[in-house]
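Peer 1: Given next are the chains, with one letter for each unit.
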Amino acid sequence: MKRLFSKHFWADKDVQQLIGKQLRVGVITSSIIVFLGGMVYLYRHGHEAPDYGTFAGVRQGLDNLPGILQGIMEGKGMNVIQLGIVLLIATPIIRIALSVFAFLLEKDYLYVVITLIVLGVITFSMVGGLERL
Amino acid sequence: MTILLFTLILLAGAFLAGLLGSLTGLGGGVVIIPLLTLGFHVDIRYAIGTALIASIATSSGSASAYVKEGITNIRLGMFLEIATTTGAVVGALIAVFIPTNVVAIIFGCVLIFSALMSFRKKSEAISDDDVSKLARDLKLNGTYPSGGEMISYKVRHVPGGYFMMTFAGVMSGLLGIGSGALKVLAMDNIMRIPFKVSTTTSNFMIGVTAAASAVVYLQRGYVSPGLCMPVVLGVLLGAFGGSRLLVRVNTKWLRIVFGVVITFLALQMIYNGINGKL
Numbered sequence: 000m001k002r003l004f005s006k007h008f009w010a011d012k013d014v015q016q017l018i019g020k021q022l023r024v025g026v027i028t029s030s031i032i033v034f035l036g037g038m039v040y041l042y043r044h045g046h047e048a049p050d051y052g053t054f055a056g057v058r059q060g061l062d063n064l065p066g067i068l069q070g071i072m073e074g075k076g077m078n079v080i081q082l083g084i085v086l087l088i089a090t091p092i093i094r095i096a097l098s099v100f101a102f103l104l105e106k107d108y109l110y111v112v113i114t115l116i117v118l119g120v121i122t123f124s125m126v127g128g129l130e131r132l
Numbered sequence: 000m001t002i003l004l005f006t007l008i009l010l011a012g013a014f015l016a017g018l019l020g021s022l023t024g025l026g027g028g029v030v031i032i033p034l035l036t037l038g039f040h041v042d043i044r045y046a047i048g049t050a051l052i053a054s055i056a057t058s059s060g061s062a063s064a065y066v067k068e069g070i071t072n073i074r075l076g077m078f079l080e081i082a083t084t085t086g087a088v089v090g091a092l093i094a095v096f097i098p099t100n101v102v103a104i105i106f107g108c109v110l111i112f113s114a115l116m117s118f119r120k121k122s123e124a125i126s127d128d129d130v131s132k133l134a135r136d137l138k139l140n141g142t143y144p145s146g147g148e149m150i151s152y153k154v155r156h157v158p159g160g161y162f163m164m165t166f167a168g169v170m171s172g173l174l175g176i177g178s179g180a181l182k183v184l185a186m187d188n189i190m191r192i193p194f195k196v197s198t199t200t201s202n203f204m205i206g207v208t209a210a211a212s213a214v215v216y217l218q219r220g221y222v223s224p225g226l227c228m229p230v231v232l233g234v235l236l237g238a239f240g241g242s243r244l245l246v247r248v249n250t251k252w253l254r255i256v257f258g259v260v261i262t263f264l265a266l267q268m269i270y271n272g273i274n275g276k277l
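Those protein sequence lines, which keep their order, are chains A and B.
Once you know that position 42 of the first sequence is 41 in numbering that gives the first Met the number 0, the rest is easy, because the numbers rise by one and skip nothing.
Once you know that position 95 of the second sequence is 94 in numbering that gives the first Met the number 0, the rest is easy, because the numbers rise by one and skip nothing.
Only chain B is shown next, with the shape it has when bound in the complex (with noise of 0.2 Å):
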């Protein structure tokens, strides 16, 4: 194979990514990894660079339409990120000392989980009792629109929210993904906001979290241009494509499909990992 079929194939496979992550809400970073070590047999190394850089170009890229809109909470963002950046940069740092199956089986796992908190059922528990004084000091609690009116909501359990929220930093630093799902969990289930703003407020966070670690990967000679170049044009263009066809999908049967898809992937990093062949 040469460099220009190479190219055009991880171009394709990338644009895939992007728009299936884009319409099932998981993100495309979560099956770069995958695609390129099991797909390529690229070592894993270069692919949580090529991943990590990729979700820094979605999240950006969408996050610039959600502010705009307002649903997303700044203040609530700027907050978390000093956990998330903290943990990012812990987790890059920790990644030189850990062999790399066991971030395969980590990877894993972590994969599982994401697909599993697809298939939850969004059931809202948020409230507007103003209960948590630090949330009050922070002015974390917010408004966003929603029918044409504002709800507002108040956030709680901040400590834990941040504590959850180092934890995500963490993974995303050693695994390079955006980790949106623990940092969804972090905010839907522990600091009770609605699910719109926390979708869009992780999605917010999850570019600066990921470059507080790539700064240290680029260093490190983990980001290719040779595997970023189609990488990082292929998903946004897929993202791209997801946002404009989102209104139009019936978005349920793709999300199972997808699921089972990124499942099957995760057990086979867990298996390969465990053989010590990644």
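One chain only, chain A, in its complex shape (with noise of 0.2 Å):
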């Protein structure tokens, strides 16, 4: 009973609830992009033979976010597509961003450190990755 008065019970409870309910958000509104976007990108494409045997890249505009963003208002559906499988990366990187409040909230500082540490490399492989273009 001891236990259900602490704060710090409490606490680990609230974050544990937010942080599921952000990761099922992510996955819904990231599956229902995609799913909006494959059903503009069938109808605009579907008659057309699909060709991955040999490895090219996508198509321009599809490996970076101002380019998606540019697609999607010339109304493609690929584009559409990938704004939501962006989204899906984005679902756990911002599990970690929020993750770091709540361990602030907790006042537990060395958790604070590993979480940032954590979203630290996350933002090093994007930055990384962008010098590369």
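Hints listed in this document are in silico derivations from the structure and should not be mistaken for laboratory results.
Treat the hints with care, as some may be off.
Distance condition first, Cα-Cα at most 25 Å in a straight line; then the derived PhoX-like pairs of lysine-lysine [to be verified]:
1) B:LYS251 with A:LYS20
2) B:LYS132 with B:LYS195
3) A:LYS106 with B:LYS138
4) A:LYS106 with B:LYS153
5) B:LYS132 with A:LYS106
6) B:LYS251 with A:LYS106
7) B:LYS153 with B:LYS138
8) B:LYS67 with B:LYS276
9) A:LYS20 with B:LYS132
10) A:LYS106 with A:LYS20
11) B:LYS195 with B:LYS251
12) B:LYS195 with B:LYS153
13) B:LYS132 with B:LYS67
14) B:LYS153 with B:LYS67
15) B:LYS195 with B:LYS138
16) B:LYS276 with B:LYS251
Far from chain B, some chain A residues (derived; all Cβ distances over 12 Å) [as the list claims (entries may be wrong)]:
17) LEU68
18) GLU73
19) GLY74
Note that the coordinates shown come from a computational prediction; the quantities given were computed from them, not determined experimentally.
Note that beta-carbon positions come from the ideal geometry of N, C-alpha and C, so glycine has one too.
Since each chain comes alone in its own frame, lean on the hints to assemble the complex.
Peer 2: The following block contains the structure:
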């Protein structure tokens, strides 16, 4: 019973609920976007022949966020799908960012630092990728 | 074949992969790469990008349920994510320099290992002896709910587990899989964490690990929307269906059949890799 009244117990529980909800919302939202983009894509290109046998990389504008958004303005289904994919990749990364605040609220500074390191590794990987373009 | 038909077949295949993956605990991602490369002659680089996105989807989807139940050890997961994300970035960076047929051979070996791991007897060797100072300092020890009561456990061999996790991360970044089997090996066998906690915590970590290398692959043009769309939707629906069926199905035989199928696919990947056909 004593534990139920401690602040720490509730804080942990709340964080778990929040993280659980955020992950689910992220997956559902991105699936809906992927599905809608898929409909547009199939409507426009459904009758063509697929070509994935030789690797050429995705077409211009699908490998970076400004390009993806540009294509959506032009009504391209593939770009809508890719936006959903980017959102899906962002879902666990947002979870990390949320955890930084959660650990801050709990005053667990050791884990604030640990979580920031994870966030730093992912940021490094994003920026490192951009430089190669 | 038209794109419409191709998409529908892929959707059905991914649904089956997600269903079997969640029923057997092997994850849907492991069969996506053989399905695409052997079944549809898709270049392995596109297949890796697609499988990576699929593993983010299934991991985040199922993690949301486990986290709420309080089984997942969030601190342990967060600490080990330093190892897996570092490994994943390294894996994604070296992937460019490794010939695709070598990637196929490594993939086959990891696949066979995963299948063997799923047959392994789950003997719990957990203890409540507080022997690791590092585990105490990092607040890695925890409790989990089981049958209405809270069971406490103590983590051991933190450096060994961390090292193994880095390796799991490299494999994940190189091959585009969640490498859940390697993660569970690190947590069960080295760190002595209860099975229920290690599987859910491993699943919790897969999404972040995959995201770390996915940002690299996306920018490299490996992530193709035409492939990801049916695969992500199919795997998610399959995994959701699997979690609903799980309580009613006897998974013992299913596990054996799926294990045999995976081993067969793995051998074919290795064979094609050696012949330079992938």
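Peer 1: Can you list which hints this structure breaks, lowest number first?
Peer 2: Hints 1, 6, 8, 9, 13, 16 contradicted; others consistent.
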